[in-house]
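Q: Sequence:
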Amino acid sequence: MKTKVLFVCMGNICRSPTAHGVMQHKVEARALGNRIEIDSAGTHAYHVGEQSDPRSRSTAARKGIDMDFIRARKISILDYDEYDYILAMDADNLDLIQYYAPKNYHAKVSLFLAYANQAGTVDEHEVPDPYYGGEAGFEHVFSLVDRGCDALIEHILSA
1 MKTKVLFVCM GNICRSPTAH GVMQHKVEAR ALGNRIEIDS AGTHAYHVGE QSDPRSRSTA
61 ARKGIDMDFI RARKISILDY DEYDYILAMD ADNLDLIQYY APKNYHAKVS LFLAYANQAG
121 TVDEHEVPDP YYGGEAGFEH VFSLVDRGCD ALIEHILSA
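First residue of the sequence shown: 1, per full-length UniProt numbering; consecutive thereafter.
Just so you know, the hints here were simulated from the structure itself, not pulled from any lab data. Since the model is a prediction, treat every value here as computed from it, not as a measurement. Certain hints may be false.
Said to hold, decoys possible - Here are the computed lysine-lysine pairs in the DSS-like style, where the Cα-Cα straight-line distance is at most 25 Å:
(1) Lys74 / Lys4
(2) Lys26 / Lys108
(3) Lys108 / Lys2
(4) Lys26 / Lys4
(5) Lys63 / Lys26
(6) Lys103 / Lys4
(7) Lys2 / Lys74
(8) Lys74 / Lys108
(9) Lys26 / Lys2
(10) Lys74 / Lys103
(11) Lys108 / Lys4
Claimed, not checked - Pairwise CB distance ranges (calculated):
(12) Gln98 / Ala159: 17 to 23 Å
(13) Gly33 / Ala61: 30 to 36 Å
(14) Ser110 / Lys2: 15 to 21 Å
(15) Glu50 / Pro128: 18 to 24 Å
(16) Ala159 / Arg71: 15 to 21 Å
(17) Glu50 / Glu154: 31 to 37 Å
(18) Lys103 / Leu157: 19 to 25 Å
(19) His140 / Ala29: 18 to 24 Å
(20) Ala119 / Ser58: 26 to 32 Å
(21) Glu154 / Gly64: 29 to 35 Å
(22) Lys103 / Glu135: 39 to 45 Å
(23) Phe69 / Arg30: 25 to 31 Å
By construction, the Cβ of each residue, glycine as well, lies at the ideal position given by its N, Cα and C atoms.
My request is simple: use the sequences and hints to build the entire structure.
A: Encoded structure:
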């Protein structure tokens with residue numbers, strides 16, 4: 001049975017698709033596609049159907065990660081039972097995910113970096129939104145996401 005992971009940020013064009021692309025790359029590199037399935041979504045429907053922000057895609061591409069297949073979507077009520085993990089990039093989005101959650105749902109909802117915090121690989125608790133910043137912000141997001149995905153994979157494999 002596959003473990004299904006949904007990464008969530010506000011618009012699903014910067015942080016959560018970066019996590020989606022990085023995690024997909026790591027899962028494929030470790031031949032874990034039969035064990036882990038990944039998707040991403042936003043808490044808002046600003047960019048539904050659009051590709052990720054070009055700055056996110058170019059940052060990932062420089063690291064050998066393709067994000068061109070990812071299209072923005074809004075989180076759905078069905079996702080709460082479809083996914084084992086719904087992981088928010090920040091506390092505001094975590095609050096929204098929890099607020100709109102059905103009464104009894106299957107998914108473990110938490111901050112994405114909680115697993116990296118537990119592993120001691122990241123001190124920050126949130127992945128900051130790089131949208132209004134420059135290239136350094138996107139590089140920082142990539143670094144956090146890269147370490148966060150490693151910790152999440154180890155958590156899933158040890159569960």
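Q: Give a verdict on every hint.
A: Results for each hint:
1. Lys74 / Lys4: It holds: about 17 Å lies between the C-alpha atoms, which stays within 25 Å.
2. Lys26 / Lys108: 21 Å, holds
3. Lys108 / Lys2: Holds: lysine 108 and lysine 2 sit about 15 Å apart, inside 25 Å.
4. Lys26 / Lys4: Holds - the C-alpha atoms of lysine 4 and lysine 26 are around 15 Å apart, at most 25 Å.
5. Lys63 / Lys26: Since the Cα atoms of lysine 63 and lysine 26 sit roughly 12 Å apart, the hinted pair holds (cutoff 25 Å).
6. Lys103 / Lys4: 20 Å, holds
7. Lys2 / Lys74: 22 Å, holds
8. Lys74 / Lys108: Distance ~18 Å between lysine 74 and lysine 108 Cα, so the pair holds.
9. Lys26 / Lys2: 16 Å, holds
10. Lys74 / Lys103: With Cα atoms ~20 Å apart, lysine 74 and lysine 103 stay inside 25 Å; holds.
11. Lys108 / Lys4: 11 Å, holds
12. Gln98 / Ala159: 17 to 23 Å: 22 Å, holds
13. Gly33 / Ala61: 30 to 36 Å: 21 Å, violated
14. Ser110 / Lys2: 15 to 21 Å: 19 Å, holds
15. Glu50 / Pro128: 18 to 24 Å: The hinted range 18 to 24 Å holds for glutamate 50 and proline 128, with Cβ atoms some 21 Å apart.
16. Ala159 / Arg71: 15 to 21 Å: 29 Å, violated
17. Glu50 / Glu154: 31 to 37 Å: 32 Å, holds
18. Lys103 / Leu157: 19 to 25 Å: 31 Å, violated
19. His140 / Ala29: 18 to 24 Å: At roughly 23 Å between Cβ atoms, alanine 29 and histidine 140 fall inside 18 to 24 Å, so the hint holds.
20. Ala119 / Ser58: 26 to 32 Å: Holds, at about 28 Å.
21. Glu154 / Gly64: 29 to 35 Å: 21 Å, violated
22. Lys103 / Glu135: 39 to 45 Å: At roughly 43 Å between Cβ atoms, glutamate 135 and lysine 103 fall inside 39 to 45 Å, so the hint holds.
23. Phe69 / Arg30: 25 to 31 Å: 19 Å, violated
Of the numbered hints given earlier, the model fails hints 13, 16, 18, 21 and 23; all others are met.
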